[in-house]
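Visitor: Each chain, written out:
There are 2 protein chains.
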Amino acid sequence: MAPAYKLTYFDFTALGEPIRFLLSYGGIEFEDNRIQRANWPALKPSTPFGQVPILEYNGKLAYQSIAICRYLAKQVKLVGKDDWEDLEIDATVDTITDLRLKFAQYIFERDEQAKKEKEKQTLFNETIPYYMEKLDAMAKRNNGYLAVGRLTWADLFFVSMLDYISLMAKKDIIGGSPNLQIVRENVLKIPSIKAWIEKRPKENL
Amino acid sequence: MAPAYKLTYFDFTALGEPIRFLLSYGGIEFEDNRIQRANWPALKPSTPFGQVPILEYNGKLAYQSIAICRYLAKQVKLVGKDDWEDLEIDATVDTITDLRLKFAQYIFERDEQAKKEKEKQTLFNETIPYYMEKLDAMAKRNNGYLAVGRLTWADLFFVSMLDYISLMAKKDIIGGSPNLQIVRENVLKIPSIKAWIEKRPKENL
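Residue numbers (the numbering used here), protein chains in the order written: chain U, 1 to 205; chain L, 1 to 205.
Keep in mind the hints are simulated off the structure, nothing from the lab.
Note that the coordinates shown come from a computational prediction; the quantities given were computed from them, not determined experimentally.
Cβ atoms here follow ideal geometry from the backbone N, Cα and C, with glycine treated the same way.
Accuracy of the hints is not assured; some may be wrong.
Computed list of lysine to any residue pairs in SDA-like fashion (alpha-carbon distance at most 25 Å, straight line) [as the list claims (entries may be wrong)]:
id	chain 1	residue 1	chain 2	residue 2
1	L	134	U	74
2	L	194	L	28
3	U	6	L	134
4	U	60	L	171
DEER-style ranges, computed between Cβ atoms [claimed, not checked]:
id	chain 1	residue 1	chain 2	residue 2	range
5	U	108	L	176	45 to 53 Å
6	U	166	L	98	41 to 49 Å
7	L	44	U	59	31 to 39 Å
8	L	44	U	114	24 to 32 Å
9	U	166	L	121	29 to 37 Å
10	L	188	U	34	40 to 48 Å
11	L	56	U	201	23 to 31 Å
12	U	204	L	33	42 to 50 Å
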């Protein structure tokens with residue numbers, strides 16, 4: 001029987017990987033449908049807002065990566081124990097997204113070189129250190145997790161996107177953040193995550 | 001007794017208004033702490049990531065506007081009846097945010113005039129019509145609501161930000177979208193929302 005879940009995304013990590021981490025964590029079989037760039041223009045009009053990832057389940061279709069992650073986190077029990085804990089987890093995830101968008105904005109900036117260089121200075125000398133210091137302090141307060149003092153989907157979300165963000169940054173962005181390194185270790189040592197990382201395609205991060 | 005909830009945001013609608021709508025909808029008293037631009041530099045370092053809105057409740061502090069909205073939506077019962085419905089609502093809210101960010105990117109763009117003009121063309125001739133057509137179709141499918149066929153926090157989120165988005169666009173962005181106009185009517189006719197709009201400061205949208 002085909003798996004109930006079908007994830008459609010590009011053939012790399014980025015916004016698809018938190019979803020793959022969560023499905024793997026829960027031991028949920030899924031079809032990992034990886035589209036090639038050349039096939040994207042044909043597929044795009046059939047998606048709700050011209051974007052992937054999309055997740056299909058029982059004939060229904062979901063879009064928006066973070067919304068999908070939150071749904072899966074509920075299925076695999078990586079959410080908070082009450083509404084306020086979920087608020088803390090959600091705020092953490094949205095903060096990581098803020099940081100990701102700052103990278104993306106710089107990377108996809110098509111401006112002249114001088115402006116891009118100035119943005120690079122701000123990003124690397126101000127924005128990243130600011131976020132890293134605060135996120136590292138959060139990880140310290142939460143004993144090696146990002147929120148509520150234990151493993152939640154915020155940790156899987158963060159760690160699953162580290163390769164992608166570090167690729168954009170051209171360096172390990174948590175290299176100077178000992179508590180965030182503990183978060184990473186805590187996620188990567190989970191047997192189901194370890195198994196996924198061994199199994200996933202190696203060619204493209 | 002002072003209200004249990006204290007919202008801190010600037011003296012205009014934007015990211016604060018969905019929170020004010022949700023609190024008002026639920027009949028929850030709150031301190032509407034509106035900071036002036038001049039006081040922001042002094043306050044900024046005390047916020048979790050240098051941003052407002054923040055919401056204080058019972059000595060606890062929350063940040064990230066959408067996470068706060070989702071928490072309040074649970075308290076005032078404007079969420080889905082199951083996880084998949086919540087996924088649909090969350091995806092709708094994130095899509096509205098995508099659209100808002102496209103506006104913000106254009107508005108706060110400090111590029112030379114020629115580039116800005118080109119971005120304006122793309123935004124107004126392609127991006128907005130694309131989103132409006134799809135959102136209007138969603139509102140039609142859902143009988144005058146954005147998701148799951150009835151009133152949810154996605155509707156309050158959308159309508160509370162329309163003034164702000166239309167101010168950025170310098171036109172009523174749902175002027176050509178009859179079903180989105182029904183969504184707006186459905187929200188604005190709610191007595192608690194109507195009362196809030198009459199009560200809120202009129203000077204700044």
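Visitor: Which earlier hints turn out false for this structure, listed by number in ascending order?
Guide: 1, 4, 5, 6, 7, 11
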